[in-house]
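Asks: Each step along the sequence shown adds one to the number in full-length UniProt numbering, with nothing skipped, and position 7 is 7.
Derived by calculation from the structure, the hints in this document are not laboratory data.
Even for Gly, the Cβ is constructed at its ideal location relative to N, Cα and C.
Incorrect hints may appear among the rest.
Keeping only pairs whose Cα atoms sit at most 16 Å apart, straight-line, the calculated EDC-like set for lysine to aspartate or glutamate is [unchecked claim]:
id : residue 1 : residue 2
1  : K55       : D154
2  : K55       : E133
3  : K55       : E141
4  : K189      : D236
Label-pair distances were calculated between CB atoms; the ranges are [stated by the list, open to error]:
id : residue 1 : residue 2 : range
5  : A61       : G142      : 37 to 43 Å
6  : F138      : L10       : 46 to 52 Å
7  : V234      : T137      : 42 to 48 Å
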Amino acid sequence: MSLGQHLVELRKRLMIAALALVVGMVAAFFLTDPIMHLITEPIRIVAETRGEEGKVEFMYATITGPFDMRLRISFAIGILISAPIWIWQIWAFIMPGLTRKEVRYTIGFMAAAIPLFFAGCYVGLLIMPHVVELMATFAPEGSAQFYDALFYYDFVFKLLVVVGVSFILPVFLVALNLAGIITGRGILKGWRVAILVATLFAALATPAADVVSMLMLAGILIVLFFAAAGLSMVFDRNRAKRAAAILGSEGSA
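Between the sequences and the hints, there should be enough to build the whole structure, so can you do that?
Replies: Okay, structure coming up:
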């Protein structure tokens with residue numbers, strides 16, 4: 001294909017992906033009520049805990065705040081709902097330029113990365129209430145707490161995305177192993193650094209006083225690291241067996 005044909009193809013793929021995103025946003029707009037109820041549950045728990053000691057409210061600082069909040073949630077959920085379509089459009093545009101081996105590795109990478117990302121988001125959703133409730137305990141007795149809706153939204157979804165992305169990092173280690181850049185033993189040798197990095201990341205992603213959430217997140221990341229190292233060592237062993245079989249057949253010939 002010429003450059004012009006590639007640009008036409010890219011435009012078609014982008015239009016399909018954008019249309020899927022818009023449809024997903026429209027569908028997600030009707031789901032904003034249960035989602036807002038879910039992510040604001042910690043605020044209601046804080047309000048019940050404090051009782052008459054201080055006022056706790058979820059507030060909108062602007063006239064268009066409620067609509068902006070629903071629009072942001074619709075956009076985030078719309079991206080997730082339409083993910084199979086826009087991921088396929090990206091894949092269909094790139095796939096003709098890949099070899100059969102690269103196609104197989106890419107499919108395996110996507111099949112592992114997507115579930116791990118959603119698993120990380122779920123773990124972030126489990127951690128989030130503990131973070132909100134713990135931070136509320138630092139408010140002086142008798143003080144009022146007002147949670148701005150847009151700032152609260154940014155906090156929740158950034159936490160989910162950061163934890164979700166951290167769950168994908170071990171998949172990159174396996175991808176580097178499949179590409180022949182690093183061996184499984186090489187990955188395993190860095191276990192001390194991996195534990196330190198996982199602990200530091202968990203400490204930064206969770207409040208300093210929330211030890212339970214920090215240990216839970218760090219423990220999951222460490223398990224994923226060792227799983228990636230073990231899987232890479234299995235791949236190395238299989239490659240070594242194939243190489244030995246090829247050398248044996250050539251020797252006998």
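Asks: Run every hint past the structure and note whether it holds.
Replies: Going down the list of hints, with the structure as the test:
no.: 1; hint: K55 x D154; verdict: 22 Å, violated
no.: 2; hint: K55 x E133; verdict: 15 Å, holds
no.: 3; hint: K55 x E141; verdict: 10 Å, holds
no.: 4; hint: K189 x D236; verdict: 15 Å, holds
no.: 5; hint: A61 x G142: 37 to 43 Å; verdict: 23 Å, violated
no.: 6; hint: F138 x L10: 46 to 52 Å; verdict: 50 Å, holds
no.: 7; hint: V234 x T137: 42 to 48 Å; verdict: 46 Å, holds
Checked against the numbered hints given earlier, the structure breaks hints 1, 5 and satisfies all the rest.
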